[in-house]
Structure formats: C-alpha cells, structure tokens
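Engineer: The lines below spell out each chain.
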Amino acid sequence: SFIIEERSFMPCEDLLYGRMSFKGFNPEIEKLMIQMNSRCKEEEIQVDDKMEADVSDEEMARRYETLVGTIGKKFLRKRDQRVLQDEDEDGNSNTRPSKKAKKKFLKPQD
Amino acid sequence: VTKCGLLRHRQAGGGAAAGGAYWVDSQQKRYVPVGGDHVIGIVTATAGGAFKVDVGGSEQASLSYLAFEGATKRNRPNVQVGDLIYGQFLVANKDMEPEMVCIDSSGRSSGMGIIGQDGFLFKVSLGLIRKLLAPKCEIIQELSQLYPFELVLGMNGRIWVKAKTVQQTLIIVNILEACEHMSAEQRRQALAKLSGN
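If you read the protein sequences in the order shown, they are chains R and Y. Position 51, counted from 1, in the first sequence is what the UniProt record's numbering calls 51; the numbers after and before it change by one each time, with no gaps. Position 186, counted from 1, in the second sequence is what the UniProt record's numbering calls 186; the numbers after and before it change by one each time, with no gaps.
Next up, chain Y with everything else stripped away, as it sits in the complex:
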C-alpha cells in the first residue's frame, strides 16, 4: 500500500519511545483497523456469544460478551443492537476479522464500554482526529472554555459529543467538522462570536 504525505520524524529520548520514529503523515477518511487503537463502534448484531460491531473498516469487528469489566457467563453485559461502544482492538490484521475488547490488559475497563444515551455521533477524517488528540491541542482547549460537554474520539474517524442542550451539542459538532478547513484565526473568530452570544 502506498501513501503520500509528509514524512515526520521524532527523535529518540522521549519517555515512551525507545528509538526515533518515522511515519508518513497522510490524510485519509477510510479507517483500517489496527491493534491497540481505541475506536467507537456501533453494535449491529448479536451472534453466538459475541457482538458484531461496525467500526468503519472493511469488516465488522467481533466483541465477546465476556470482554467487559465484571462480565461473567451468567452476568451478561446490557448491550442492545444500535448501542455505541468505546473499545480497543485486541487483534487486527488484514487476514482476520478484527476483534475488539472493552477491557484493558489489567482487567479494568478504564473508561471503555457502552457510551451513554443522547449525544451525537459524526464522522471526520483521520487526520483531524490525530490533530485533536495531539498533546497540546488548541481546538480542544478553546472549546473547553465554552460550555461543559463530553467528548469521545475514536481513531476510526468517529466523534461522539454530548452537551447539556441539543443546540450546544450541534454547535460543537459544527465547529469540529469545520475546523479542519479553517485556519486558527478563523476559528478564534468563530469561537469569539459564539461566546459573545
């Protein structure tokens, strides 16, 4: 698979990475499941001990009943078709159907699992997600000054937003969708107009 984009490099010496890292910073909308990524999925079917979850890739991922915190054979998780799930990939290669879990390696859920009621789910490109998840993201910081809200970002390009009123939710959705193509200055103007109102 060939990708076009900027070649980026990070020096060795960061706390996490052992050596330097090179990667191609490209823009794309289609997600390819990768192991360890946290994604938002939609439950489409319950089939024999596992849920089928749509994550936007070429295949649906499977999510076992037991892959939730505190789930046992008798204690089934309360998941219906159409629910939103935040989980991470256990296994995801191009030869197999990807597998998802809502529990981390130590057995705790650490924020994963069913995403609650209400809220709004929408899709953006993968580059924007990476920009939003960068350690010092201005967009997120500026938005957090506006109103209280909750945000879940999936690496598959899906974002879920929930705020107190429907109008606030929609405002945040519009800003996030538009800020990919706005420059920083335009963004600040838009936010200033909003906080003025």
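Extracted from the complex, chain R is given alone in its bound form:
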C-alpha cells in the first residue's frame, strides 16, 4: 500500500482561496475569487477572452503584405534590385530580347 505523508491541510479539506471581497469592495479580488474557486471544480473553465488588440487583424494583414516586400527588397543584391525596378516600371514584358534576369553560374566550357 502507498502512504504519502502530507503536511499541509489544503488537499485534505479542499479549502478556498484566502483572499475574499464582498459586495464589490475590491472588484479585482472578486474576479480572482471566481477564478480560483472555479479551479476547484472538475472542469477548468478556460477563460476564453480574446485580448483586445490595438490593431485589428485586417489591418495587420494589410500592413504585413506591404512590409514583407519592403524589407525583402533591402536584402536583394544590386543586380536583383535593378531587375525589380525594371519590372515595376514597365508592366508589359520588355520588347528587347530578354536578358537573363539572374545570371546563373556558367560552367566553363572546355
């Protein structure tokens, strides 16, 4: 048989939380009372409140869309930057015979 010695009284008698407030004397403690005492019950009521965001999700998505492009451009090499500029300027593909945008490494032909 397993006997565990426990020195505290808390698990024995299922005591409540020590801080209490009544009739709205301290609203924060009243909220805490509900939270703490509901933890004793079988289900833990997950406090399901979305934090109120300063920036809405939509705006966040829009901002991110443009942000990724801007920051990405910072890290392009010079050649790529020029290509990007060309692409922006004329929407249609260039009339000149297309130069290779990115010069791949050409193996030396013997």
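Honestly, I wouldn't trust all of these hints.
[To be verified] Which stretches of chain R does chain Y cover? Using the computed rule of at least three CB atoms under 8 Å from a CB of chain Y, they are: (1) 16 to 27; (2) 74 to 80.
[Unchecked claim] Below are the SDA-like pairs computed for lysine to any residue, each with C-alpha atoms no more than 20 Å apart in a straight line: (3) R:31 to Y:136; (4) R:23 to Y:147; (5) Y:131 to Y:145; (6) R:23 to Y:192.
[As the list claims (entries may be wrong)] Examples of chain Y residues toward chain R, derived with CB under 7 Å: (7) 34; (8) 36; (9) 37; (10) 38; (11) 111; (12) 113; (13) 133; (14) 144; (15) 149; (16) 150; (17) 151; (18) 152; (19) 153.
If you're looking for bench data, these hints aren't it; they were derived computationally from the structure. If you're wondering where the values come from, they're calculated on a predicted model, not measured in any experiment. Virtual Cβ for every residue (Gly too), placed ideally from N, Cα, C.
Using the hints, position chain Y against chain R.
Structural biologist: What follows is chain Y alone, placed relative to chain R:
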C-alpha cells in the same frame, strides 16, 4: 510530534485527491510553516536582497526581492518595513529557514503581494481559519450579507479585515473572534441584532 484530535477521512473520488485522505483535525494556535500554504506576514527587516517576514512560526521567513510579479533587479518592489504581505511558502521544512514568494508557479501574482493600507490584522486559532475556509462556510456567507468588506485569511492564524468605516471593521473583527466559541444559533442572533441596527 503527537497531536490529539478527531481523525477525519475523505473518500477517494474527489476531483482533486487521487486517493482517500486521513488527517487529524486538531486545534492549535501556534503555526508551523508548511510548503504551499498562503499566509499573511509582516515585514520586519530588509537584509541583503531579501525581506525578513514574520509569519508566526519559530523563525522568520525570507522573501526575495525578485519574488513579486514584474520585479527585476532594477525594478524593486515597493515594500517597507511594517508592511503586510500575502504570499505562499516555497520551501518550509524543519531544518531550514522558510522561504516565501508572492508569485505562483506560472509567474503571475494571482492576488498575492502587498496588502493595502488601512484594515485591521488580528490573530485567531488555526482551527477557526480552516472552518472559515471550508467550501460552504455559513459564517462568511452571513457576514457577506451585512456590508461590503474585504477579507484576507492567512493559514498562520492571521486575518486582515477592511471595511468602509472603522466601526464596521471592528464589528467584523469581533464577530470573527467570537464565533469560534458561539454556536450557530447565537451567531445568528448576534448578526440579526446588528443588521437590525
């Protein structure tokens, strides 16, 4: 250590306890620090990175500066000598000085920390505290009907009460002290007299 009292038993099957529990329900006034208990302490000294807190045990407990929510090395908690602290024991065995913290295992304060200004602190026996903290305590329910007030119960036998006026505070203090020796009927009579006034 021997204790005398009633042997109590709780069946297995409760949501919290895994197996049945037996304990001796005894009456005593002197508190022995036990890990995990929430207690009210009085700050007596600030000594080298930690506060010395008197919890009514044989030794003073130590409370580190960093054991508060949102405390960093630069951001010290605003605690003076003589303040009241509600915290829980981290470590408390008979070989070492007990250690207290005002923060729970997930890092939040959840109601612990400095107890505010005003209010009244007094000492009762440990049995009364356990009775008051029982899940359905009539005393607390009846008192809560009277006036708005705030109550902090420490497992070390200390209770702190704060109500709107000094008189109301003292009334609550007297009821709590006396209800250990009153029967339920006497208590109801006393409360009825008060709410009548």
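Engineer: State for each hint whether it applies.
Structural biologist: Outcome of the hint check:
{"no.": "1", "hint": "16 to 27", "result": "holds (count 11)"}
{"no.": "2", "hint": "74 to 80", "result": "violated (count 0)"}
{"no.": "3", "hint": "R:31 to Y:136", "result": "holds, 19 Å"}
{"no.": "4", "hint": "R:23 to Y:147", "result": "holds, 7 Å"}
{"no.": "5", "hint": "Y:131 to Y:145", "result": "holds, 19 Å"}
{"no.": "6", "hint": "R:23 to Y:192", "result": "holds, 18 Å"}
{"no.": "7", "hint": "34", "result": "holds, 4 Å"}
{"no.": "8", "hint": "36", "result": "holds, 5 Å"}
{"no.": "9", "hint": "37", "result": "holds, 6 Å"}
{"no.": "10", "hint": "38", "result": "holds, 5 Å"}
{"no.": "11", "hint": "111", "result": "holds, 5 Å"}
{"no.": "12", "hint": "113", "result": "violated, 10 Å"}
{"no.": "13", "hint": "133", "result": "holds, 4 Å"}
{"no.": "14", "hint": "144", "result": "holds, 4 Å"}
{"no.": "15", "hint": "149", "result": "holds, 6 Å"}
{"no.": "16", "hint": "150", "result": "holds, 5 Å"}
{"no.": "17", "hint": "151", "result": "holds, 5 Å"}
{"no.": "18", "hint": "152", "result": "holds, 5 Å"}
{"no.": "19", "hint": "153", "result": "holds, 4 Å"}
This entry does not satisfy hints 2, 12, going by the numbered hints stated previously.
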